[in-house]
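Line order of the protein sequences matches chains F and V.
With our numbering as the guide, the letters of the first sequence map in order to residues 1 to 268.
With our numbering as the guide, the letters of the second sequence map in order to residues 1 to 255.
It should be emphasised that the hints constitute simulated quantities derived from the structure, not laboratory data.
None of the values given here were measured: they were computed from a predicted structure.
Treat the hints loosely; a few may be bogus.
Claimed, not checked - Ranges of calculated distance between the beta carbons of each label pair, as one might list FRET restraints:
1) F:V263 with V:A110: 26 to 36 Å
2) V:D115 with F:S107: 35 to 45 Å
3) V:G240 with F:W104: 49 to 59 Å
Beta carbons: idealized from backbone N, C-alpha and C, even for Gly.
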Amino acid sequence: MKTNENFSPEHLRYIRGKKLNGFFITSARLFLIVFIVAIWEIAADIGLIDSFLMSSPSRIVKTIGELISGGDLYGHVATTLYETVMGFLIATIVGNAFALLMWWSESFKKIIEPYLIVLNSLPKIALGPIIIVWFGSGAKSIIFMAFLVTVIVTTITMSNAFSATEAGKIMLLKSMGGTKLQILFKLVLPSSVPTFISSLKINVGMAWIGSIIGEYLSSKEGIGYLIVYGGQVFKLDLVMASTVILCILAGLMYAFVAILERVLLKQR
Amino acid sequence: MNEILKLDGVGLTYHTETAEIHAIEDVSLDIAKGEFVAIIGPSGCGKTSILSIISGLLKPSRGKVYFNGKELVKPDNSIAYMLQRDELFPWRTIEKNAYLPLEIMRVKDAKRKTDVERLLKKYGLWEFRKSYPERLSGGMRQRAALIRTLASSPELLLLDEPFSALDYQTRLEVCDDVYSIIKSEKKTALLVTHDISEAIAMADRIIVLTRRPTKILNMHLIDTDKSISPLKRRESPDFGKWFERIWRELNNENK
Numbered sequence: 001m002k003t004n005e006n007f008s009p010e011h012l013r014y015i016r017g018k019k020l021n022g023f024f025i026t027s028a029r030l031f032l033i034v035f036i037v038a039i040w041e042i043a044a045d046i047g048l049i050d051s052f053l054m055s056s057p058s059r060i061v062k063t064i065g066e067l068i069s070g071g072d073l074y075g076h077v078a079t080t081l082y083e084t085v086m087g088f089l090i091a092t093i094v095g096n097a098f099a100l101l102m103w104w105s106e107s108f109k110k111i112i113e114p115y116l117i118v119l120n121s122l123p124k125i126a127l128g129p130i131i132i133v134w135f136g137s138g139a140k141s142i143i144f145m146a147f148l149v150t151v152i153v154t155t156i157t158m159s160n161a162f163s164a165t166e167a168g169k170i171m172l173l174k175s176m177g178g179t180k181l182q183i184l185f186k187l188v189l190p191s192s193v194p195t196f197i198s199s200l201k202i203n204v205g206m207a208w209i210g211s212i213i214g215e216y217l218s219s220k221e222g223i224g225y226l227i228v229y230g231g232q233v234f235k236l237d238l239v240m241a242s243t244v245i246l247c248i249l250a251g252l253m254y255a256f257v258a259i260l261e262r263v264l265l266k267q268r
Numbered sequence: 001m002n003e004i005l006k007l008d009g010v011g012l013t014y015h016t017e018t019a020e021i022h023a024i025e026d027v028s029l030d031i032a033k034g035e036f037v038a039i040i041g042p043s044g045c046g047k048t049s050i051l052s053i054i055s056g057l058l059k060p061s062r063g064k065v066y067f068n069g070k071e072l073v074k075p076d077n078s079i080a081y082m083l084q085r086d087e088l089f090p091w092r093t094i095e096k097n098a099y100l101p102l103e104i105m106r107v108k109d110a111k112r113k114t115d116v117e118r119l120l121k122k123y124g125l126w127e128f129r130k131s132y133p134e135r136l137s138g139g140m141r142q143r144a145a146l147i148r149t150l151a152s153s154p155e156l157l158l159l160d161e162p163f164s165a166l167d168y169q170t171r172l173e174v175c176d177d178v179y180s181i182i183k184s185e186k187k188t189a190l191l192v193t194h195d196i197s198e199a200i201a202m203a204d205r206i207i208v209l210t211r212r213p214t215k216i217l218n219m220h221l222i223d224t225d226k227s228i229s230p231l232k233r234r235e236s237p238d239f240g241k242w243f244e245r246i247w248r249e250l251n252n253e254n255k
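Using the sequences and the hints given, assemble the complete structure.
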C-alpha cells in the first residue's frame, strides 16, 4: 500500500470522492432524522395530525424533561437496564455452556437438539403466565423472560459455530497428538470468537425484547411499564417518550458490545 | 539398519450404514532414512488413508506399522503431517503458527524456539514473522506451513498433496522450495499425490497403487540426478520416459 504523499492526481481524486461520499452519507442520515422530526412537529402544530394521539417531538422532549425533573426516570431506567443486562449475561453464559457441552459430547448434542428446535420456535411469551406464577411479579420474572428469549438462540448459534470448526485444522492438531482440551482451547474457541461477538450483538436485541415483554406482562416499574401505563391512560406522550428512551438505551448497549468486539478481536 | 518406516500387511476396512468398504487390501513397504518416496494412484484409492494410518490418526484393520523399529499405535512426535491446505490459524502470527506443534506437544523451550527462528530466517519468512497469514501469498503460506511441520524436528514428513491448492506457477515454485528445504534439513518424506510429474520431479522412489481395494501395483526407482531441483528434473530426457511408463500404468488401472 502507498503511504507517502506522492499520490497521482487520479488517486487524489479517488480519495476525495471517497471522502465526499462519506460526508454525503452522514449528512443525509442527519437530514433524514431532522426532516422527520420537523414534519412531525409542523404537522402537529398546524393540526394536520392529532397531537393527542400522535404526540409531537416537542411534547416528547417536554415529557422526558418532566420525567427527569420528577426524579422518576432514573428508577425506571435502572430497573429495565438491570433486568435486561442480567437476562443477557445469564443467557450468554448458560447458552455458551450448553453449546460447549454439545460440542464435547456428540450424543448429548443429538439428544438435546430436537428440544432446542421446538423451544426455539415456541413464542416465549406463551410461557409468561407460568413464569409469573413461578417467579412472582417482580424483576425475577422479567429477568427470566429476557433469559428465555435469548438463551435458545445463543445455544444454537454457538453450537453451530463450534461444530463448524474446520476439519482440516482439527486433523492437524490431532496429528500433533493434540488432546480434546487442546483442540478446544487452541482452535475451537478462538475460531468461534467472531460468531460469539455477533451472537452478543443479537443477544442485546433479544434481551431487550424479553425484558420489555416481561414488563408488559407484569411490573410496577421500568420502561416497559411506562409504555403500557401510558397506553392504558392514553398518555401517548409518555408512550412515545419512553420509546425514545428505550431506543437510546438499546443503542448504548449495542455500542458497548461493539467496543467489546474491538477489544476481543485484538486479544485473540 | 537405516529403515525408518515399515508397513507390514496394512489393510483397512471401514463401515457405513449401507456397506462395508474394503479400502486397503494389503500394503507393505519399507522406507529408508533420508529417502523421498512418492505414492501415486487412482483417485479414491486410499492414498490419504495410508498417511492417516502412519500418522496414527487412523487405526489399520489389519497389519502393523513400525516406526524406527517400534510398533506405531498413536501419533508420534517424530512424524509430522502436512496437509493439502496450509491450515494456518488466521488469528495467530506466522511465528505463533510455527510454534503451534511445540505448544501442543508441550515441548516449547528456548532451544526449540531458536530452532524455529533459524528456520524462519533461513527460509525467508523472518520479516513476516509478526504478520498474520492473510498478508502472505499462497506460496509463502505453504512455506510457513512447512516450517510449522518442521518445528518439532520430526524425522519423517507425511505430505498429503501439499501443493494441490496452489495455482500452477506457485505450485512449481513451492515444489522446489519444499524439496530443497526437506533435503537440506535431511528429512525423510512420504508424499502422496495424483500428479505424476510432481512425483517424478521430487521422489527417489515412486509407489504406484491399484484401485480400491488398494494394493501396491508397482514400484519405480527414479534414478535421475538428486542434486538438481525438481524444476530442472522436469527438463531431463528421462523425465518423459518415466512419465510415459507411470501414466500407462495408471491408465490401465483406471480402465
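These are the hints, each one checked on the structure:
no., hint, in the structure
1, F:V263 with V:A110: 26 to 36 Å, "31 Å, holds"
2, V:D115 with F:S107: 35 to 45 Å, "42 Å, holds"
3, V:G240 with F:W104: 49 to 59 Å, "55 Å, holds"
Taken one by one, the earlier hints all hold for this structure without exception.
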